[in-house]
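Based on the sequences and whatever the hints tell you, model everything.
Spelled out from the first residue to the last, the chains are:
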Amino acid sequence: MTSPFANKRTLTFTLLGALLLAFIAWPILRTLTSNSPAALWETLLDAEVRRSILFTFSSSAIATLIALVLGVPLAYLLARVNFPGKRLVEGLIDLPIVIPHSAAGIALLMVFGRRTLLGKAFGLVGLKFVSAAPGIVIAMLFVSLPFLVDSAREGFEAVDARLERVARSLGASPWGAFWRVSVPLAWRGILSGMIMMWARGLSEFGAVVILAYHPMIAPVLLYERFESFGLTYARPVAAIIILICLVVFTLLRMVNNGGNGHSSTNHARAGSPDPAG
Amino acid sequence: MDYIQLQNLEIKLGEFHLRDINLVINEGEYFVILGPTGAGKTVLLESMAGLLSPRRGRVFLGERDITDLPPEQRKVGFVYQDYALFPHLNVAENIGFGLRTSQRSVRRPSLSRHKKKNEHVNRQVEEMGQLLSIDHLLHRDPTTLSGGEQQRVALARALIVNPHLLLLDEPLSALDPGTREGLQRELARVHRELGTTTLQVTHDFEEAVALADRIAVMQEGRIVQVGTPEDIFRRPATPSVARFVGARNVFAGHIEEEVQDGHKSFRVNGLRFAVVTPLSGPAHASLRPEDIILSAESLRSSARNSFPGVVGEIADRGAFLYVTVRINSLAQVPGTCRYASRSAGDLGGTHPSSHPSSRSPHPHPNPRSACPSGIPQGEGTGLGEEGIESPPCFICMITHRSLEEMALEKGSQVHMSFKASAVHVF
Chain V
1 MTSPFANKRT
11 LTFTLLGALL
21 LAFIAWPILR
31 TLTSNSPAAL
41 WETLLDAEVR
51 RSILFTFSSS
61 AIATLIALVL
71 GVPLAYLLAR
81 VNFPGKRLVE
91 GLIDLPIVIP
101 HSAAGIALLM
111 VFGRRTLLGK
121 AFGLVGLKFV
131 SAAPGIVIAM
141 LFVSLPFLVD
151 SAREGFEAVD
161 ARLERVARSL
171 GASPWGAFWR
181 VSVPLAWRGI
191 LSGMIMMWAR
201 GLSEFGAVVI
211 LAYHPMIAPV
221 LLYERFESFG
231 LTYARPVAAI
241 IILICLVVFT
251 LLRMVNNGGN
261 GHSSTNHARA
271 GSPDPAG
Chain A
278 MDYIQLQNLE
288 IKLGEFHLRD
298 INLVINEGEY
308 FVILGPTGAG
318 KTVLLESMAG
328 LLSPRRGRVF
338 LGERDITDLP
348 PEQRKVGFVY
358 QDYALFPHLN
368 VAENIGFGLR
378 TSQRSVRRPS
388 LSRHKKKNEH
398 VNRQVEEMGQ
408 LLSIDHLLHR
418 DPTTLSGGEQ
428 QRVALARALI
438 VNPHLLLLDE
448 PLSALDPGTR
458 EGLQRELARV
468 HRELGTTTLQ
478 VTHDFEEAVA
488 LADRIAVMQE
498 GRIVQVGTPE
508 DIFRRPATPS
518 VARFVGARNV
528 FAGHIEEEVQ
538 DGHKSFRVNG
548 LRFAVVTPLS
558 GPAHASLRPE
568 DIILSAESLR
578 SSARNSFPGV
588 VGEIADRGAF
598 LYVTVRINSL
608 AQVPGTCRYA
618 SRSAGDLGGT
628 HPSSHPSSRS
638 PHPHPNPRSA
648 CPSGIPQGEG
658 TGLGEEGIES
668 PPCFICMITH
678 RSLEEMALEK
688 GSQVHMSFKA
698 SAVHVF
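So the sequences go chain by chain: V and A.
Quick note: the first sequence uses the numbering used here, first residue 1, plus one each step.
Quick note: the second sequence uses the numbering used here, first residue 278, plus one each step.
I should point out that these hints are in silico values taken from the structure, not numbers from a laboratory.
No experiment lies behind these values; they were computed from the predicted model shown.
Wrong hints could be hidden among the right ones.
Just the calculated beta-carbon pair ranges, DEER-fashion [stated by the list, open to error]:
(1) A:Glu-497 / V:Ala-158: 48 to 58 Å
(2) A:Phe-293 / V:Trp-187: 28 to 38 Å
(3) A:Pro-313 / V:Leu-246: 55 to 65 Å
(4) V:Asp-94 / A:Arg-594: 49 to 59 Å
(5) V:Phe-13 / A:Gly-315: 41 to 51 Å
Backbone N, C-alpha and C fix where the C-beta goes; we use that ideal spot for every residue, glycine too.
Set out below in structure tokens:
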């Protein structure tokens with residue numbers, strides 16, 4: 001292991017990188033440390049804050065589950081099948097990343113709004129999207145599904161297609177090969193896609209606020225506190241949200257890396273000389 | 278009957294295009310498809326396993342047409358070159374995979390039945406592990422095994438479902454030489470014990486000879502010859518097969534009509550040598566390097582053909598050497614073919630013209646000017662008259678010991694002799 005300061009280029013790159021890291025870490029640390037513990041505690045006891053946080057978590061989780069059911073099969077097809085227009089489909093999947101999220105909210109409103117065909121149809125079964133929880137879920141789904149589909153696709157692509165063929169030759173049906181070989185091997189990609197999608201869903205503001213200002217998700221609540229009461233009142237809410245996201249995100253990353261760590265030790269063992277061989 | 282029959286199979290996948298594949302693999306046979314890398318051998322195996330649909334033609338298992346049967350219903354085992362073990366399962370789970378799949382009952386099994394089935398699977402896995410001497414590895418993670426061990430696991434996994442046909446895709450080529458030899462013996466032993474009809478593809482001729490009951494040679498998407506290893510080795514059907522199986526001396530020439538002592542002569546570039554053949558007219562002749570004897574003096578032996586020559590290149594192959602000999606001939610052209618004084622009776626009867634398959638559809642480019650560079654240009658011979666081609670070179674195999682005894686080096690004069698019956702004419 002060479003020292004990061006071994007030469008001038010590495011030294012320069014390290015300094016530039018450190019600048020960027022500080023740019024991320026400093027504001028977050030400032031937000032977390034600028035509040036008195038009492039203020040934080042008080043905010044935590046605020047029922048509205050707690051409700052909005054839980055509501056955000058569950059909405060994003062539902063969006064993630066919907067994408068799991070609809071997106072993982074698509075990811076598998078994209079990884080395994082070549083068809084005309086495949087590039088187009090891949091582009092379409094990534095489109096929500098580049099569209100401004102407020103524009104995405106408007107676009108969803110055009111289809112799921114009260115007076116639209118789909119809006120009316122869903123209205124018949126008592127499902128409404130504008131100013132309602134389902135609207136928040138579809139807004140989160142729209143803007144964050146690329147993360148799950150792309151990650152699951154990469155997961156499936158990393159599974160050698162011949163493993164599925166061997167499974168078929170051993171008597172497994174196409175479904176059997178998918179469940180017993182492809183999914184267990186691509187699981188890490190799927191899981192990490194779910195984490196990223198869920199986290200991205202949590203932080204959505206633009207699309208959600210267009211479809212449903214109420215019921216309030218945490219980012220909207222924060223925005224409202226800031227607009228109505230100013231920085232002093234918004235600050236502890238921001239700190240709480242950041243803190244919770246940090247904790248959850250760290251936990252999920254540990255789950256994810258736990259899996260990766262397992263595989264990398266396997267590789268290390270495979271690479272070492274084998275006494276039995 | 279579990280014989281396999283391929284009828285007029287045509288497969289196209291990317292660059293691979295297989296055509297007119299007709300084969301019958303007998304029940305219990307160890308059949309090897311031999312061909313250079315890129316001949317489309319894997320594609321052929323995958324279509325037999327049902328993993329690829331042929332464009333045309335049928336695949337039969339006994340009387341049953343299985344062309345359109347999905348792979349899981351064929352009971353055809355597949356072993357890939359790099360094993361393709363399931364990395365998320367341990368060795369025992371890998372081996373038992375097929376049992377747990379095929380025996381899955383539609384109804385949810387009761388707990389006790391489930392347990393019973395598990396015991397059954399475990400026992401079979403144990404037995405298969407013993408058969409392939411990997412029973413001590415059953416709890417290991419497959420990624421921690423050596424190549425040879427992984428290949429045994431892959432083999433066990435394919436064999437445990439008792440397949441009608443076992444397909445092996447270059448099963449030994451990723452292994453180091455020592456392991457390869459051991460596993461080759463193992464393949465032969467397992468085949469003897471279980472009698473599973475086996476189809477292996479390989480590019481390694483020695484491997485094919487060691488294992489196969491019969492061999493099919495595949496080149497550029499076609500089967501060019503089918504026969505026993507002896508057939509392919511001694512009587513290649515085309516010049517390219519001859520070269521592929523290591524007959525280093527392949528000539529395009531002409532068979533002269535006149536028969537002398539029961540022999541015809543084969544003429545190539547002004548050189549004539551005695552051959553035993555019923556053919557006449559333009560033909561090819563192949564001669565294996567190990568069938569040529571080099572000597573310092575002209576030998577009096579049963580070998581019909583003896584020529585003086587000059588040593589060209591000497592290539593060391595470790596256990597033996599290849600010596601290129603250029604016949605110094607031109608002055609002797611009319612009488613090149615020096616018949617030995619002994620009678621033809623020593624030569625063994627004429628070969629029955631066993632031509633397992635027809636001639637190559639594409640005549641190959643004339644290999645006559647195949648003298649490697651570095652050969653001294655006809656020392657002392659008056660080469661250069663228009664219309665006279667340089668005499669052919671022969672590649673001979675000798676041991677290090679003979680090389681030393683004869684003190685051969687580049688430019689040495691030697692005598693080269695071979696039996697008329699050693700030449701295969703086709």
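Comparing the hints with the structure gives:
1. A:Glu-497 / V:Ala-158: 48 to 58 Å: violated, 34 Å
2. A:Phe-293 / V:Trp-187: 28 to 38 Å: Because 33 Å falls inside the window, the suggested range holds.
3. A:Pro-313 / V:Leu-246: 55 to 65 Å: holds, 59 Å
4. V:Asp-94 / A:Arg-594: 49 to 59 Å: Taking Cβ atoms as reference, V:Asp-94 and A:Arg-594 lie about 57 Å apart, which means the hint holds.
5. V:Phe-13 / A:Gly-315: 41 to 51 Å: holds, 45 Å
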